[in-house]
Amino acid sequence: MAGSALKRCPLEGRVIVITSGKGGVGKTTATASIGAALALEGKQVAVVDMDIGLRNLDVVMGLENRIVFNVVDAAKGKCKIKQAAIKDRRIENLYLIPASQSDNKDILTPEAMVRLCKELRKEFDYILLDCPAGIERGFENSVAPADEAVVICTPEVSSVRDADRVIGLLYARSITPRLIVNRIVPEMVENGDMLSHEDVVEVLSVELLGLVQLDNQVVISTNTGVPLVLQKDSEAGQAFRRIAQRLDGQEDLPIEIPQTQKSFWKKLGIIIGIGK
Amino acid sequence: MDAQIQDKSQIRLKGVRDGFWVTLDPSLPVNYIQEELTRIFNQLQHLASNSRVTLDVGDSEGYESVIEMLRAFLKSKFNVASVNIAPAPPSPKEVFIPGDKSRKMDVSSFWRQHNTDALVIAGRVRSGQKITAQKHLVILGDVNPGSELIAGGDILIVGTLGGTALAGQPDNEAAIILAVGFKPIQIQIGGVIAVGLSAAPKHTIEFAHVEHGDIVVEDYIKTNPFGRLTWPEVR
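Order-wise, the sequence lines are chains A and B. In terms of the working numbering, the first sequence has 185 at position 185, counting the first letter as 1, and numbering is strictly consecutive. Take any residue in the second sequence, count from 1 to its spot, add 276: that is its number in the working numbering.
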């Protein structure tokens, strides 16, 4: 695994692909948040939007208006990596390499991405690849240079099914994936209306990296471009910070299970024995 | 080297990998044996010298002197490297006679001649993966929803079945599908299809089989479908 490779050559950065198979489960939000959290830990981080033709990561990070060059230009040698990497406004050490909006996924090849990431490894500690939905060319391009993979899934049967497929494909490429279960609603899990993270892990049987609960702050963050991890009251943001710490080597950091938020009066009711 | 010299003579010679195999009956007159050996070994010409000869005399008991004489004869006349005696054939008791099966079944060996037809797979079968077996399929691990198993015979899963399982393809309706944790999306045995099977409590061993043209799923331990067989059979 890449962890051992990292120990052998400490100057080389780790390339981590963030993928899910299914669309709309939170890959882009997770990439932006984990990237920001790793940068806050003092690491040099590049987040790369691999969704050629449907770029989003720049919007989520609030860097849309600063794009001059993109990942296609960098991979094809039309510009230098430093020209394509946009520095984040708020967080030191965080850089975005945006996707091209006018091309399609066939313009990149896995070989070109391997070459690009080889260069990026020299400059950055972490290179996070935001994989597009699907398992076609965009997926191939994103997985080819990756040392590690993080699979995002939501507690829905369809998402679990697609994550399972993607995990199979990652294993076939000798990459051991780790799992983030996103958008957990603790109340629904308690009532039995939603799959619990145990159910998801039982089916997928991969190492769990973290649990993230559904958080309205994500929508606000996405629309305003303010990083989620900078919002102290965001449960999801804090969960992503812990995930980043775990990725960064704090393996024994306990995984917090999202709990139902109980109001003061409900808590008081439980203490004095009325209500549930 | 494999040429077999087998004319009317009662002595036969066969070329084997590292020498010659001579079959003869030691009860024949010694003169006759010597004449025949001379004739056969003369045909071999230079191949005979320094060759390794094995004498197959069947049960050699009581003929040690004859064998010793023949050994000396072959060594001196044809300059062979060595003369060995073939091991005695196994006694009739140890030989398994297939035709005898109907009267007396040998429990320990009747399936020895049966080569295994089972494909045994260990690990988790994930969504999108498809496993095809010519005959029986054994999965040591879970089978996730979205995967597909196809077998010519039985499908036995030591784990949870969550995907699609097709046993007895194309037309063997005697096949079964067995799993510890039986919650498939769809199963098919021979040409019979069943969907929407109600999930049983966790870790119950259940099996599906065809009964009067329909697929029936039953508790394996309670039903014990093969308990009534009088004899272990090869499936």
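Since the hints were made in silico from the structure, they are not lab data. The structure presented is a predicted model; accordingly, all values stated were derived computationally and were not measured. Ideal Cβ placement from N, Cα and C applies to all residues, glycine included. It is possible that some hints are incorrect.
To be verified - Calculated from the model, a selection of chain A residues having no Cβ within reach of chain B, i.e. all distances over 12 Å:
hint, residue
1, 59
2, 160
3, 166
4, 202
5, 205
6, 231
7, 242
8, 254
As the list claims (entries may be wrong) - Label-pair distances were calculated between CB atoms; the ranges are:
hint, chain 1, residue 1, chain 2, residue 2, range
9, A, 272, B, 478, 50 to 56 Å
10, A, 173, B, 505, 55 to 61 Å
11, A, 255, B, 489, 48 to 54 Å
12, B, 326, A, 173, 56 to 62 Å
13, A, 199, B, 502, 50 to 56 Å
Hint check results:
1. 59: At about 31 Å from chain B, residue 59 of chain A clears the 12 Å cut-off, so the statement holds.
2. 160: Per Cβ check, residue 160 of chain A is inside 12 Å of chain B; nearest 8 Å; violated.
3. 166: Given a closest Cβ separation of 9 Å, the condition is violated.
4. 202: violated (9 Å)
5. 205: Given that some Cβ of chain B is not farther than 12 Å from that of residue 205 of chain A, nearest at about 6 Å, it is violated.
6. 231: holds (35 Å)
7. 242: Nearest chain B Cβ is 28 Å from residue 242 of chain A, so the label holds.
8. 254: It holds; residue 254 of chain A is separated from chain B by about 26 Å at its closest Cβ, greater than 12 Å.
9. A:272 with B:478: 50 to 56 Å: violated (38 Å)
10. A:173 with B:505: 55 to 61 Å: violated (46 Å)
11. A:255 with B:489: 48 to 54 Å: holds (51 Å)
12. B:326 with A:173: 56 to 62 Å: Between residue 326 of chain B and residue 173 of chain A, where Cβ atoms are some 60 Å apart, the hint holds.
13. A:199 with B:502: 50 to 56 Å: Between residue 199 of chain A and residue 502 of chain B, where Cβ atoms are some 34 Å apart, the hint is violated.
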